[in-house]
Amino acid sequence: MPTCKYYCTRVYRDFGYVAGMDFAYIANGYVYHTMLDDISRIQPGAVQHLGENLVGVVYQSGNEPGRLRKVGHHP
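Residue numbers 1 to 75, in full-length UniProt numbering, belong to the letters of the sequence shown in order.
Check before you lean on any hint, since a few could be wrong.
Per label pair, the in silico range of CB-to-CB distance [claimed, not checked]:
id : residue 1 : residue 2 : range
1  : N53       : Y30       : 16 to 26 Å
2  : Y59       : D22       : 13 to 23 Å
3  : A24       : Q60       : 17 to 27 Å
4  : Y32       : N53       : 12 to 22 Å
No lab work stands behind these hints: they were computed from the structure.
Fair warning: this is a prediction, and the values are worked out from it, not measured in the lab.
From the three backbone atoms N, C-alpha and C, an ideal C-beta is built for every residue, glycine too.
Build the full structure now, drawing on both the sequences and the hints.
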């Protein structure tokens, strides 16, 4: 699944090599950006699971001084 194609290209090109994370669902990955790509294909609980993981990442990142750096505006 070419998830990094969009995130990596845009963030690195437009915002000066800002580090980040790209999250994607891998179930039914073969339908990604095809005519079959539809919200009904997301498995029950997948969004909840993603949210729970993100809460942990944000909590850990935000509680370590110096871990998150401010990003300047890059026109």
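For each hint, the structure was consulted:
1. Checked against the hint of 16 to 26 Å, the pair N53 and Y30 passes, with Cβ atoms roughly 23 Å apart.
2. Roughly 20 Å separates the CB atoms of Y59 and D22, a value that falls within the hinted 13 to 23 Å.
3. Checked against the hint of 17 to 27 Å, the C-beta distance between A24 and Q60 comes to roughly 21 Å, which is consistent with it.
4. Checking the proposed 12 to 22 Å range against Y32 and N53 shows it holds: the Cβ atoms sit about 20 Å from each other.
Violation of the numbered hints given earlier is absent; every hint is satisfied by the structure.
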